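Q: The listed protein sequences correspond, in order, to chains A and B. Each residue of the first sequence is one higher than the one before, counting from 87 in my numbering. Each residue of the second sequence is one higher than the one before, counting from 1076 in my numbering.
These aren't lab readings, by the way, just hints derived from the structure by calculation. All values derive from a computational prediction rather than experimental measurement. From the three backbone atoms N, C-alpha and C, an ideal C-beta is built for every residue, glycine too. Incorrect hints may appear among the rest.
As the list claims (entries may be wrong) - Counterexamples of contact, computed for chain B against chain A with all Cβ distances above 10 Å:
| id | residue |
| --- | --- |
| 1 | Ser1139 |
| 2 | Thr1148 |
| 3 | Ala1181 |
| 4 | Lys1242 |
| 5 | Lys1252 |
| 6 | Glu1253 |
| 7 | Arg1273 |
| 8 | Glu1274 |
| 9 | Trp1286 |
| 10 | Arg1298 |
| 11 | Arg1304 |
| 12 | Pro1416 |
| 13 | Gly1427 |
| 14 | Ala1477 |
| 15 | Ala1506 |
Claimed, not checked - Stretch by stretch, here's where chain A covers chain B in the computed footprint (C-beta under 8 Å, at least three residues):
| id | region |
| --- | --- |
| 16 | 1080-1089 |
| 17 | 1152-1158 |
| 18 | 1322-1333 |
| 19 | 1379-1391 |
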Amino acid sequence: MSAPVGTVAPSSTPTIRATLRRSVFWVVAGAGALLVAAIAFLATSASGAAGPPLAADNPAQAGSMALVEVLRQQGVTVVPVDTLGDAAAATAGHPNATVFFADIEGYLVADQLAEVGVLADRIVVADPNFATLQALAPEVGFGGLSPEDALVASCDVPAAVQAGKISPGGKTLGLAADAPGYTACFPGDDGTFSLVERVTSDGTITLVADTAVFANEKIATFGNAALALNLLGAGDTVIWYLPTLADVPVTGPPSLGALTPGWVTPVMVLLVFTAIAAMIWRGRRFGPLVAENLPVVVRASETMEGRARLYARGNARLRAVDALRIGAVTRLAGTAGLPRTAPLAEVIRSVAALTGRPPEQVAAVLVSEIPQSDAGLMSLSAAIDDLEAATVLAARPAGSGPSPPAAPSTGRMEP
Amino acid sequence: MALTGRFVLLVALGVVPIVVLGDTVASALAVLAAWLLLCLVLGILDLALAASPRALRVARVLPSRVRLGETVTSELYLTNEGARRLRGVVRDGWQPSAGAGNNRTAVSLPAGERRLIALTLRPTRRGERTAAHVTVRAGGPLGLFARQATLHAPARIRVLPPFHSRKHLPSRISRLKELDGRTSVLVRGQGTEFDSLREYVRGDDVRSIDWRATARRNDVVVRTWRPERDRRIVIVIDTGRTSAARVADEPRLDTAFEAALLLAALASQAGDRVDFLAWDRRVRASVQGASGAELLSRMVDGMALIEPELIEMDWLALPGQVRGITAQHALVVLITPMDAPGASTGLLSVLGQLTQRHTVLVASVTDPTVAELIHVRNDRADVYRAASAERTMLDSARVAAAVRQLGADIVTATPEKLPPALADRYIALKAAGRL
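Next up, chain A with everything else stripped away, as it sits in the complex:
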């Protein structure tokens, strides 16, 4: 048989080129959205309060990039360090350095803080916490927030004198009036000060309670800038030491990360790529689905079941038993050889005669008894069934054999 040659069938699958051409708008739009998001992120991070506070490279409001840049312009070398070890190495390289120190997160313990105290001759501590005060200036306590409108130097520390005033409203330190070796400036009420300087044989330690003096946000107000520059600009080098997690002493066995070989993370990334490839492999369908209109499926006995549930829910016992009785009487009339239209009394009489049961009992089963409960309904339904079976048995001619009762008529006898 010669088969037809056929035609080159038009394809409904777009080619790769067509797909690219169609999706060019979305590619461009996606790239544009990414670009806008990146610009927005950079803009917000420049003006927002994000980033570590007082960090030398943080241009946000809490950072100190402004101060560091001005120091660098003045020829001061600023060396940011993260750990105590780095700080010690840096001060060893620059013996005349000033150390700026702020342990805002409280990473260091007492021993380390004692080491900080002997790093250099000049140490400026911003926002000292309790442990820092215990280690470096045990006589100094906390003074709460300053309620003053303006903080005036009122002391003979040169940097404070040159600054004159600093921004009010920050934290303060408390100091007893007769503590030896301490100089306190910018007094608030009741023996609180914003700046405390302690001079010992090891060197000078300056405690500045308020970080606003160094932070970008308020450095340009009052004499903040003058105070900060004068405190830090005395030498030619500033070691900018902000402790990090690396300063926390390691205890216990080495961490999981230290024990993990280098290839574990790349292998996990590779597994992710493998999973994506497997998803594409299994997820690519083999051509579109072919639609089909399915027919409605309704069982014909659905209405009958529904009516049975309605009877049961409404406890319609009498109605149910009536239906059973009417059907049974019709069949009994047939069994007893009476016409379908035979009167009920005649059917009862014939059935009673056939089965040898008292007519009153037959009438009770077929007519008069009213079921009062579900148990009564059950027993009455069983009695009707029993009467039918007995009638069928009695109506059968003798010697026809012990065959099971004849199949019940459907009640739709054809003429």
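Starting from the known structure of chain A, arrange chain B on it as the hints suggest.
A: Same frame as chain A, but now just chain B:
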């Protein structure tokens, strides 16, 4: 395009070089990037070397009809018009009920050659089964990436009603012949049309001796009779919402088709004219003026596309439709559900009109489970169900009584028994000369 399992395996194999060569995180990441790049390059190379699935010529050879339950072979010819050998898999997009199974066929198609893809269809539903397209996935020589295209290649096959009841046909035809007086068994008086006179042979019924003709000749002559011929039969099938219900896992409509086909086959064999009408609110199918084999083929063709409509049957327009088919006296067979007095009001309202002019026979499917449920009385729910079943049967008995009162005849039976019961009733009516 599509990926293969081999490509996924290739990507996963990158574990080996990463573990062997990647001592530190940085070097391992570099190996990872290099491996992914290698996979991608190999894949794109494979894709570029794969044959184009678009350069295919598609041709189909398919019979136009198949009977439900039988199998048919769908032939799909693919000609490779491209320059490269196409290795891949082909899927022929048939509807699920066309019974094509999991039709994934591997093909190797050299350039310029043609291959046959034979697919065995075993439809599971009546009606028009269609195929929309052919999907071809052509792999590259490395088996990493594949090109895939869906080609527009429509096809359709009409699935006819199964006509299972034709197994009852031979026995009914032989009973028809008994009526005809052509067999040795003479059934005197059954026929109503005078056929001919012939000489008496021993065994003939003496009551059929025609004495007048015997007096004219010197021989004893008997009359022969034959059943009436060339009567009209109009089969009307209700395709409204009630015909959608399933009895014994078969829609009532399909049972009606079986019964109608058996009756039509029998009646056209008996020499009667059969007209067929499927009706709800409009004519779904109509066959008029056909006879013999053409009648049956036109009927199954029309029935194939009919599905039950979820609308109410328009009984009032039915007498007009029957009058449009024939103005003479006819046997009108209405195949319709007859369940509840409420639902049958429409039927009862027009039955009087029809019985005035025609002999009307109403055929209806009954649910065998209803009769069984009457005697299942094990618990409370069963008793209520038995009562409900009894009520259902009483309802249909009332409808049947009303139908009889209006002068129509009734046949009710379970789905598998309705077609022979209808055929038997037809034979009985014919024997009684009521057509």
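Q: State for each hint whether it applies.
A: Verification of the supplied hints:
no. : hint      : result
1   : Ser1139   : 15 Å, holds
2   : Thr1148   : 12 Å, holds
3   : Ala1181   : 13 Å, holds
4   : Lys1242   : 22 Å, holds
5   : Lys1252   : 25 Å, holds
6   : Glu1253   : 21 Å, holds
7   : Arg1273   : 36 Å, holds
8   : Glu1274   : 40 Å, holds
9   : Trp1286   : 37 Å, holds
10  : Arg1298   : 31 Å, holds
11  : Arg1304   : 26 Å, holds
12  : Pro1416   : 13 Å, holds
13  : Gly1427   : 19 Å, holds
14  : Ala1477   : 13 Å, holds
15  : Ala1506   : 15 Å, holds
16  : 1080-1089 : holds (count 6)
17  : 1152-1158 : holds (count 3)
18  : 1322-1333 : holds (count 3)
19  : 1379-1391 : holds (count 3)
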